Each structure stands twice: as C-alpha cells, then as structure tokens.
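**Student:** This is what each chain is made of:
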Amino acid sequence: MKPFAFERATRPEAAASLVADSTEAVYLAGGTNLVDLMKLGVTEPALLVDITGLPYDRIEHRADGGVLIGALVPGSELSGDRGIRERFPALAEALLAGASGQLRNRASTGGNLLQRTRCVYFQDVTKPCNKRSPGTGCSAIQGSHRDLAVIGTSDACVATNPSDMAVALAALDAVVHLRRVDGSSRAVPLADFYLLPGDTPHRETVLQPGDLITGVELPPPPPGATHYRKVRDRWSYAFAVVSLAAVAATDGGGALREIRLALGGVAPKPWRAYKAEQLLAGQRPTEDALRTAALAEFASARPLPQNAFKIGLAVDLITATVRDLVAGEGR
Amino acid sequence: MTTLERTVGAEVTRIEGHDKVTGTALYAYEYPVPDALYGVAVQSTIARGRVRSVDAGAALALPGVVAVLDSGSDGVPRLHPTDDPELSVLQSADVAYRGQIVAAVVADTYETACQAAAALRVTYEEEAYEVELRDGDPHIFVPDTVNAGYPGRTEKGDVDTALATAPVTIDATYTTPPEHTSAMEPHATIAVWDGDTLTLYNGDQGPWMTAGAIAALFGLPEGAVRVVADHVGGGFGSKAVPRPPTVLAALAARAVGRPVKVAVTRQQMFTMVSYRTPTVQRIRLGAERDGRLTAISHNALQQSSRLTPYCEQTVTATRMMYAAPHRRTIHRLSQLDVPTPSWMRAPGEAPGMFALESAMDELAYALDMDPIELRVANEPSVDPESGNAFSSRNLVACLREGAARFGWAGRDPRPGSRREGRWLVGTGVAAGNYPAITWPASATARAEPDGSFTVRIAAVDIGTGARTALTQVAADELGVALDRVTLEIGRSVYGSAPFAGGSMGTSSWGWAVSKGCRALAKRLDEVGGQVPPGGLEAHADTTEDVRARKDLARHAFGAQFAEVRVDADTGQVRVDRMLGMFAAGRIINARTARSQLRGGMCMGLSTALYENLELDPNFGDFANHDLASYHVAAHADVRDVEAHWIEEEDDQLSPIGAKGVGELGIVGAAAAIANAVHHATGVRVRDLPITLERVRTGLRR
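Residue numbers (the UniProt record's numbering), protein chains in the order written: chain A, 1 to 331; chain B, 1 to 701.
Keep in mind that the hints were calculated from the coordinates and are not lab data. Take these hints with a grain of salt, some might be off.
[What the hints assert, rightly or not] Partial pick of chain A residues on the chain B-facing surface, computed with a CB cut under 7 Å:
hint, residue
1, 4
2, 6
3, 42
4, 44
5, 126
6, 128
7, 144
8, 227
9, 231
10, 236
11, 305
12, 316
13, 320
Treat the numbers as computed from the prediction; the structure is a model and nothing was measured. By construction, the Cβ of each residue, glycine as well, lies at the ideal position given by its N, Cα and C atoms.
Same shape as in the complex, but just chain B:
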C-alpha cells in the first residue's frame, strides 16, 4: 500500500453533506414503503386515572379509517414488560400523565387519521394528581443509584463541621426548569412486519440497542427486529432509546397487518419523547481565605413520573471537579403524575455544572479572588472521591489558554463597572467537564477486488459527523484514501454497538472500526495484498479490550468564557461572544468537532437565556408545547461563538484517543453566561432561564 497522509485530525467535510442539502438523504419517515397506513396517537387529557371508554363510532365512520386501537382492542398485541414502562403502549387503561398515549387511529392518509383522532371520544375516571415539584414533600427519596449507575449519595469527611468552621462559605440554591430537546426531525417511525420479523425505519440514536429493546417487548428472538436509521435529524438523547411512538407504530402495524407510519407532531413531542428534569440544587461551599475548598455539599432535587424512578446524575460532576477533604453529594427524587423525563444533552452535568460553577463564581467574589485562580487553587491531583488517577486532566490548561484567547487579563471584577451607552457589559467564566466513556462495539471490514473497502457498524450519525469521522479512522488504518472507503452505518444488522449518546460514539465505534480494519489489513498482508474474487472480510468486537482497561478517572474538560451586554432600560440580555477552550483527547475531524462544540455552546446559551417548559399545575402537562412558545436560541441570538482545543494525547482511553465532544460544549456554558450577567449588572440570577424580569428585579434604576 502507498503511504498516505493520515486523515485523522483533518477538516474533512461531511460525506453525506451533499445528499442532505440536495434532499436525497432519506430520513425515517421518507422511506418508500408500499401499502403503508398512517397512525396517529391520541393522548390522555387527564393527569392521572383510567380510561373508562373510547367511543370510536365517529372516527370509524370516516372513509379511510382502518382501525381505532386502545388498550381494550382485540388486535393490540400484548407486550412483554421491560425495564422501561413507558414502552408498554396501550397495555392498560391506566393513565400516568397527561399526554400519555391512550388510543390510536390508523387510516389510509395522514389527514384522515388526524381527523379521526380528533373525532375520538375518550372518557376517563379521573383521580387526584400531583404534578408540582415541591421541596419538602414527604414522598421525596434518595435513590440508591441514579442514571448510568452512579450512587445516589456520596459522603467523605465531616461536611457539617467543615462548613461550620470555614472562614468563608457560600450557601445558595439554584434552579433549572424542565427543558426539551426539540430535535429538528420530530420522532418518526415506519413499521413493517414480515411474518415474525419487524423492520423499523426509525429516527434513532441507537439502532442495535433499539432492535433489542423492541424484540424483547414483542417477545421476539434477537435479530427478529431490524432498525434502519441511515440519517437522523438530531436527537440530543431523546432518540437514544425507543420512545412510545416507535412502539405504537410496531404495535399498530401488527394489529392491522400492514405497514404503519407514525410521525410525531412538534406539539406531541413535548409530552411523548421525554424532556430534561427540572432541578432544585442547593450548594454549600466552605473555603479557607486563600481559596482552598474545605467542604463541598451539593444536593439536587429532581422529578420523574409515577411509571419509573428515572433520576438524573446531576451532582456527579461535583464529585470530581475540585479538591476538598469534606464532601457530600445527594440526589433526591420526587415521582409525580408527569411525563417521564430522560436524557437531554449532558444529562446531569449540564444543570449540575450550572449550579456548581455559579457557586464557584459567588465564592470568588466572597474571597475577592479571580475566578480562574480559584479554580486552579482547587485542582485535585487524583479523582477526589475514588482516589483514581486521571487518565489526563487539562482543566487548568483550558482555563489558562482560554483566558489568553478571550482577553481575560486586566478584567475589572467589580459588577456594573463597564457601561457602553444604555448597555451594561460583563464577562464570565465557568469550567466544564464530561466523562470520557467507551462501550464495547463490533464492526466488520471488507475489502473488494476492485480496491474498495466497506466497513459496517451499527453506529449512527445524528448530525454529528460520525460517518465522516469513522471513515477517516478506517481509511487511516487501511492506509488508503478516504474515497476508497465506504462506511455503512445506521442499521442494527451490522452488529452490537452502543447508541450515539454519552459522547462515546467516536471512541466506542472508532475502536471497533479501527480494530476491524487492522484485522483486515493483516489478512490482506497474509494473502500478499491480493484480494480474492469473493473479497476479504474481518470482524472485530472490542468487548474484551474495553473490559481490560485500567481503573482510571477519564474525563474531558473545558473552560467557557462569555461576554454579555444587558440593556439597562429593559433587562434584555445579549450574548456578544462566547469562547470555549476544550481538552477532549484526540480530535478526529476538526471541522465536525468544532461544529459539535459550538453547537453545544449555542445550546448552553439557549439554556441560559430561553429554554423553559412551563409546567401547567392545573393540567399536569407543559403549557408551552411548540417552538413559538418554547424558545430556543435563533440565529439573531448567536453572535461570535468560538471553540478551540488544546492538543491532548491520552493513551489510556482507546486506540482512537478521543474523549468525545457531543456533550462537553454545553457543560458550563450557562454558568459562564450567568456569571457574565452578574458581572455586567450585579444581579445574580440563580434560576434559569435568565429572563429579563429576573434581571430587572436587581437592576438599580
């Protein structure tokens, strides 16, 4: 083979970019499936109780309506219980929250199905319900473990004494609202049964894992369900596991004996496909006068539905960010008659680090210390709780290099010290982190006699650039040009692989791709480089490799800087610029990595200033459920957003050396903006989003 420039690290443009901008890339709902019918979900209008009756008369009378399904319908398959009760769609008349699927209509057109769904008359036995997250409610509990298996509570040393004796303390409560992923492509599924095998064209972050989950639900053997997710229009966690609409499509298709398409409307998304839990977080910090922390206490209250005690890992970042001899972190959960929350970009770290990094800024003011120096002073040498060494930890480098690029030096820390006409200007900093996770995966690499290569892996590209990055990994391992390698992803039949979540895709899939390509290259060498007429193939599975890794603390880090201006007349906040400096291991594709990091920062801006699902206490759902009333940052809100990284080599991750950048960019961004708003105005907003009325409460006039 000829020697080629390595492509890893280069600014390779997205391989499927042309297909996407010209509209030829197929998303789930667009697959041409003959004879498909259209399924539309009917959602409960009560928060708790039971469906008493479903009057389908008017709906069934409409021409084109094929079936009305509810939990009592004969044709509805009985599903096997799994560990996700949300997926037991139409299995019982019980209603656990407003917006739960209680019935569905299947018709020959989408319009008819919608009309019939509106004509369905559902009556309920309504029960008293509780939907408001209130601290102090007697049913609140501390879970033993939370999402991703982290302990619900940790404690080290004597926090109470340390706080009582610390010369400087901070005790503040921060809140974050429920938020919604609102991916560009609403969830959609086409379900096609062929005997006892099921094909799902699904907006999906994890085709292989979804296939397994749906097979278990329908009592089918492994492999009987195939998931196709060639292109996915964003997910941010909401498509990482199957959600009820996917099950509805499969179930309805089974019931009517024809393929069924289900497209979730934008409005339906807000109750059907999960959301980020609200949090109430109390942080207490104790410090010496030189800034060294003696005690850290972080207590986070969150909510879940009655169906399942999903508890987000909100305090886990606090467990490893800063050194302190005395420390306590606690999650508390309130199960309410609300939709089930789940993963949204950096679940846990995003809201948790808003609180911790706001509190660190408050401490810096209490100490009259530069907030960067405060963080540097509390840099731990090992993971403070486990005592494990860090595989690499470059937070200080991010803070220093970020400060230099941002122009932090010489900043007058006094709040309200910069005024430009009617604008109050301020800057803020916050640290970020995200665990560097790697899961086992499998891949198959194939050489053809014509000199081309195909690599198959059940990875998925939800807009991240994964397809491109994995092609680079493969081309480098094979020592060939990019255009000779085709990465086939997005299909469960390509074998075991984790979802696009936890920022672990590049590391996990990349390792399997790399291992498969190495094995293929070795086989090619064995046959003297001559590919036989039938081609050559090699398969790789990284289960043992991942298991064999040392016990280390593996994390990516970041430093976020923001400059904001606040209209002194009105309290409106404008983010003039953001700068993120990151340490995320090896960057495979500079272009798509930068895009991911900047996207995360924009989402952090959106979290800081706009996103807010308003719980409606009288109904139990979210009052705002479209993109006109649930605000996300739009073009005019995003000005100068820069993402940079330091060169970081970490050989304790995987042969890929990447830590992942999908979530890192959002962590700390909201705190940097809140800290900048404080610097600009003197107003400390501890409740997200930072609305103009919250800023105005503290503006002097």
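The following block holds chain A by itself, in its conformation from the complex:
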C-alpha cells in the first residue's frame, strides 16, 4: 500500500476544502471497499478525509411517507429501521441480501452507492483494465466474464455495479443529494446518477471532484407490493448473478397499474427495465406478457459466451417475481 495522509473532517466545509485542495484526495466513510482497493494497489489516494463525523447519520421519515436517509447511515441500521421495513421492504431485503453483518455495520449508504465493480481484472493491478487504467484494454471480454454485464456495456468495459441496495433504490425512484465544493446542493435522480461505460469506463457517476453525497431521498412508497429477489451462487456473502427489485400493483380488472423493474448483476449500473415496464403497463401480468416484456428489455443486450445465461435467468426472475407479487397482493 502506498503511504497516505489522513485527516478527520468535522464540518462539511472543511471536508470539501481538504478534498478540493488535492487531486488525489478521497472521502473515507466505512472504508469497506476503499481500504481493500488501497491494499490491492487499485486505488492510491494521497489523502483520506474521514467524513464519519459529519452530520449525515440520520433517517428522517416525512409526513408524506417519504424518507431522507443520511449518507452515513450504515446498512445495518437502515435495514433494521422500522419505517424502512414497513414502507420500503424491498430496500431492507436488498440490504440484508448483501455483504455480511460485520460489513453492514461499517458500510455507509453513500459508500454503498459508490462501491466499485468486483470484476477480477479491475482488482488485479498486474492485468489490463480500462476502468482502472484507461486505455490499457479490457481483459474480461476475452477472459473471465461469467459474472459481468450483458447490457449497457461497451467494447471498453463489461463490469457490473455490485450494489444490491442501489437496485432497490432504482426501483423506488430514489434521489441522491449532493453537496458541491462551493457549498451548494444538488439533487440527482438515481436513474441519472450512474454513467454507462462507453469509452470512459473510469467515469462511473456524475459526481464532480469534491462532490459529497449527503443523503438519499425516497419519495413516498409506491402503490402495491415490492420485493427484492437475489439470485446468487451461494446463499450468503455473494454478489448477485442477477437480482431484481420489483414493484407491482394491479387494478380491479387485474391489469398492472404500477410496474417497476430494476435489475442488478446485468449491467454497469442498476438497470431500470423501462422498456419492459412500458410494455407491461396496463396489461394483465400473464406469463406470456411478462416473458415477452422481459425479453424485449434485452433486445439491445450484448451477452458474452460465459454470461449469456443471465438473459434467460433475468427473464425467468422477472416472470416469477411479478407472478408472486401479484398473487400475494391481496393478502
């Protein structure tokens, strides 16, 4: 590990100015991903600015049913919050499906949004990776890519975003709150927060240097039922092969009046299946309709030999999860 300086910020202004003064400074919250990457030499910051003392550690439930989650709220607290469990169960399910109890105790909400891909090449500094070292090439496309993305990828990068939480947030239309270096604030819908890799896979979000995530806002809960279902290779402590956060509500006639589908494990970002949602809106969620819509979502997919199975798996997962949600709606 490269030696680094460490500063503890107690006020947002101080944190911002420390980071703004250095091109190699990064914020440190739980450190559950950042410190690993530093040990591996993937990230070599000159300065760590510890932001855990900043006042972004609360969950504020609002009268309209919405909620503002502080960026420093750890996953364990968020997943255990009664209001979250009652009104946003898919978020609690997603959090509990990720990492381990110990990691959830440390890992923050803002940090979770910014965790890096677990592509094995990104984490191995002896091999080319466009995301880690722009222009060096992608080792995964010709190499080990079974766990990587099938849609939204480019010739430069096929990495996935590993977060479970962000998938649930995508389905819940979350908004990310930022504090800019100049002290101004900005709200970015989660749907616009992440960038697709294109030719610049090292750029992953819309964050500008010095931007600090202060919180995540959830609008009032959607109608109907929500569920997060994660398909993984073992039953705990594994990233999603494919995961789905789904929201579904039907009208009196059995047609879908609300349908939201967000997928994990298939794309460089939490993937809102807008095309499938459009096809399903107002339709009866029959097996055929669900399959057709889900398949249509993947019309632009670019699967690789080892991960082509993810498309069929995602289609099955969407079909089964919406089927179960609608069947359970009346209960």
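Position chain B against the provided structure of chain A, taking the given hints into account.
**Tutor:** The following block gives chain B in isolation, referenced to the frame of chain A:
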C-alpha cells in the same frame, strides 16, 4: 496405578481449545522474534520465459528497505536441487508459470516491504506458452507411476470386448475444475539463522519432514533445521510439504543476516502454495441386466506444471471399489505452463469418486435398479486388482445403516417426482473410501517424579484434534487421567514422524505414542512405580512394526446421502441435509472425529456447488484469486450435516485400530449431491461445480 476409564472413544474436548478461542495459541507468524525483517515476494507476470532485468532503484530508495533479492543477487544462497523443483526459489531467471517468485523485498516493516515490492520493475523475455488442459494434445502421456507410487495404468481381462458385449453400458465424461485449499491461516514463516542452524516457525503439516527437506535444500546436515509448528490453521495438504514461501523466508534471512518473516497474502496463495489439478475423466461401465458389472474403465486426464510431472492418483479408488472381471484404469498427464498442482484433501479419491459414483448412479437408472442395491451387487470379496484380502470392508454396512438413518426406503426414483412449491426436491447416494495408511513414527514418553507425564512426537495438529486424540492414547496406555499427560507436538526435534496427511496421523503417530508409553509403563514397573529424581524416559520407533504388517488391502469406507432442493425459477441448488455413514476403524475421539467427518462433507458440498478456480487462458494464472471470487461454502449453505459411524474393530491396522477420518468425509459427497440434483430435476450435471446455469440448461420451462 489405579484403574481408570479408558478415554479412547470418548468425546474429549480439544485440549488447546481455550488457548485458541482466547487468542493465546501462537501461529507461525506470531512468534516474538527480535530484530525480524519482513519479506514480500514479487511474482512473475508472464507465463513462460526469463527475467531479463530487475530494476530495484525505486524500491531501494524507500527508507527501511534492506534488500531486493532476485536470482542474480550476490547474497542469495545457491540451493541444492531436490526432487521438488518448486523449492528452487530464486535459483534461475527462468519463469515456468505466472505467479512464480522472481524477486523479493526485505524491509523493516511489512508495509514498506509491500510498497517496495510494488515499486520493483521487472522486465521479461516472454515466450509462447500453453496453459489450457486440452484432451488430444500430443504431449499428453501416461506416467509409469503417479502420486504416492501407484501405477499410472492397470489392466485386467479384456475390457473392450466386455464393453462391446455387455447388455447395459454407460459411457460418460466428467470434469472437475482446479480447486484451492484456502486454509484459514495463510502460509507463513519466520526464518531465524544461528550460524549454520536454522529455525523455521512455519505453518506446517509435517515439521520433521519439512526440516529434512529444507536441510537438503541448503546442504545442511540432518538436524540443522528445526521446524516449530505448535498450532496450524488448516492445511488440507497445502502445508504437507514446504512450499516456495518457506524457502524464500529461509533464503532471505540467510541473505540479509537477520530473521525474516514471510506472510503469504490470500491473493498470493492461489498461485504460490499449490492447488488441486483439474480432471477430465471418462468412465465406461458394462453390466449384466442384474446389475453385476462386467467391465470398468476409468481414464483420467490431469495437468501439472513444466517443473514437475505431479500426477494425482485419480483412478485408484476405481481399482478397488467394485468387482468386475474386466477392468482398465489410466492416468494421463499434460504438463503446461501453469503453477504446480499438489495435494488437496483426498487427492485422487475426491475427484475420482465424483466421476465413478456419478456413473454408478447413471447405471442404476439404466438398469432401473436402486443405486444402493447396485453397489451391494458389486461388492468384491477381495481387492479386485491385487487379490489381497481386505483387513475389513464395511461399505455394505455403511450403505444399509446410512439408508435406514437417512430414510431412503420408499424413495420414488423418478427424476422430478417431488415438487414443493417452486422447489424440486431430490435425494442421492454415493459411496466413499479412503486408504487406511500407516507410516513409521517415533515418540518419547517421560515420567516425572511429580506424577506427570510428557510425550513428545513431531506430530502436528492442523485443527483436526490430533493433540487431544494422542493425549487420550497416551493416558490410556499409561493408565492415568488425561490431565496428567502433556502431549508436546509440532516440533521437528521430537524425531521422525510423518506429516498430517493421507489421513494417517492418528494411526501412525498413535502407534508410536502407544508403543513409547507402553515401554515407559514397563520401565516404571521395573522400578516399582517409583519415578527416580531425574525422571524416566522411553523412546519408541515403529519402523519395524509397520514393515512387519501383512500384505492386505486396508481402506476406510463411507456412504454419503444428500437431499437437495432446486429452485425451478432460477436453477439455484440448496442442500437441505447430508448424512454420512462411515466405517473407519476405531474412533479415538468421537467429538473431533465427527467434526473432521462433517468438515469433509461440508468441503464436499463446497466442491459440488461452488469451488472453481477459473484458468485465465490469456494470462496463465487463475482469474479469481480471493475468497470473494473463489467461492467456498459459507454458513448459510450448510444446513443439516450428520456424520455417523459403525463400530468397526480391525486388528490388522495398528494397535490403535484407527483408519483415519481426515479425508474420508469429502469422498463421495459431491457425487451424492450431483445424484440428488439429478433426482430432483432430471438434469445430470457431469461438470463441477454444479452452477445454476448448468442446472438451468436442462430444466424444462
């Protein structure tokens, strides 16, 4: 002496358990050694070629860096060649695989050493390389002998004719991937030279044998190297012989004239300390309609590095499992530009029995016969190849008793016949075996005037419970309570003893402990039970005793049962329960033996569903090299795992009567799960691991 209850067979808790859970038990890296420096290995980034240059400028400029070593450095000792070329660390600029040690940094802190290692600039002359195991490659050969001295090929009768004329045949190819031991304690060494003697604090399964191997390497007399391995955090074969990092520590300490500590990182383990070879196994079975086998053919292709033709004994279990007049078993080896594979829990039997026991299940379906009855119908009366009698063979008892406990009776064999909501449920069975091996060992037993006893043997407890079991053996022979006996193990200076491997520890070490304690008891009797002020001592060596044993087939057996459920939506597999029924001779400690057997079964579950080193054909190493990407079974994957055994007395083993349980538990477990997945879904997965995409290819939707 007073008459005491014998402790052998009892559920004695681990003697060092308290030390371990309170953190006072010292592992290799934790020994307080003054003035120690830190060594960090630099690994090759090419698969084949030569190191052209090592630019140490930036590394040496860092404060605290003491030395940068490569094969051209003056201070690097010239080592004597041994039969393990992996140990010739920094002796040549040649690179045989990606991940081989090409240089090392020694510094005053671990962090500085890591930073300097990252700053080292190594250039190479790269050569074309071949890293993919491909059947049909012209360089593939049949070795004369394979690991542990078994023949590379055996043949009896006329297999081809028998297969051509058999009314029912199976011809299937099974593959297993490379796997890694991933012991909890990564390999670590502290090397301390004092003149021409060397002390190694080493994560080690065989302190005495390691001491000999390192002494030979450095051209030192026997006894000049002392190995200390008081506590070892797992090994599964990867610590049974010294690996390159241990040599690096010794060599670096010699070069810099100070003690050097080397800790292998988790990531480094995947190329530095061996792995289990991948296998491609073709099995052909011919049977009469009543299920009796007429022909068995098992052909296994495996890999090794260019350095050494290590060939695992994958087909040896097939040589003795079932009766059949016509039989052929062949190992084939492909030497590639890859790291050297070596021993991992039940090398040979674990992958080999996955293939054979999957094929037996396929045959049972082809015959419309219960898979247990099929195995019983092919029970041999003597070892089918050697004609030797079995010292004891209780496979049938394991199958019958296991079936009764598992609830096998009444099973509907039709695949896909049990559905619970979205889950497809199935059960499977497989047989297991592991040879009962005993090697010579030596031990010293000592009585003190205060009534206490000390027994010293260069055994090692890698988490198995060996220290506790040997204490029980000693206490029983001496006729005293457990708390009066101290077993001192883990040190090469205690004399010749085999490693903790081959499931032979309890039998081999136990025999020497027992013999030493008997000799001491006799001497005590001679002096009227009065221990003289200087104490009394007796030494035992079992070399002649082991040699004098009859020529018999000695094996432990097992029957593995599994119940799985498969998510019909996704193909995910969940193992609801496993039950193992074993025949392993006398069980010395029921608690630690059960733990060993269940641990083996869990590792078998892990093999069946998860473990998979992904060879990276573009680089020649394994793409996944940490525990986030190399999956082993975690808590949530393991539900109900039971291990039981039948009472088995076998007086043709050793006075201890134990067959060993370290490896038996993993053998057959993967096949039982694969067979259960087939029963649940109708999908026959012949390639491990049983990933959800492999299951999904056959699921009807």
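**Student:** Hint by hint, say whether it matches the structure.
**Tutor:** Taking the hints in turn, this is what the structure says about them:
The interface hint given for residue 4(A) is broken, as the beta carbon of that residue sits about 11 Å from the closest beta carbon of chain B, more than 7 Å. Look at residue 6(A): its Cβ only gets to about 14 Å from chain B, farther than 7 Å, so that hint breaks. For residue 42(A), the shortest C-beta to C-beta distance to chain B is roughly 11 Å, which exceeds 7 Å, and the interface hint is violated. At a threshold of 7 Å, the smallest CB-CB gap from residue 44(A) to chain B is about 9 Å, leaving the interface hint violated.
The restraint placing residue 126(A) at the interface with chain B holds, with a minimum CB-CB distance near 5 Å, inside the 7 Å limit. Interface hint at residue 128(A): violated, since its Cβ lies 10 Å from the closest Cβ of chain B, which is beyond the 7 Å cut-off. Residue-level restraint check for residue 144(A) holds (minimum Cβ-Cβ distance to chain B is 4 Å; threshold 7 Å). Restraint check, residue 227(A) versus chain B: the minimum CB separation of about 13 Å is more than 7 Å; hint violated.
Because the beta carbon of residue 231(A) sits about 5 Å from the nearest beta carbon in chain B, less than 7 Å, this interface hint is met. Using the Cβ-Cβ criterion of 7 Å, the hint placing residue 236(A) at the interface with chain B is satisfied: the shortest such distance is roughly 4 Å. This hint is violated: residue 305(A) has a C-beta 11 Å from the nearest C-beta of chain B, more than the 7 Å allowed. A hinted interface residue such as residue 316(A) counts as satisfied when its beta carbon comes closer than 7 Å to some beta carbon of chain B; here the least separation is about 5 Å, so the hint holds.
With a least beta-carbon distance of about 4 Å to chain B, the hint placing residue 320(A) at the interface is held under the 7 Å criterion.
When held up to the earlier numbered hints, the structure conflicts with 1, 2, 3, 4, 6, 8 and 11 and fits the remainder.
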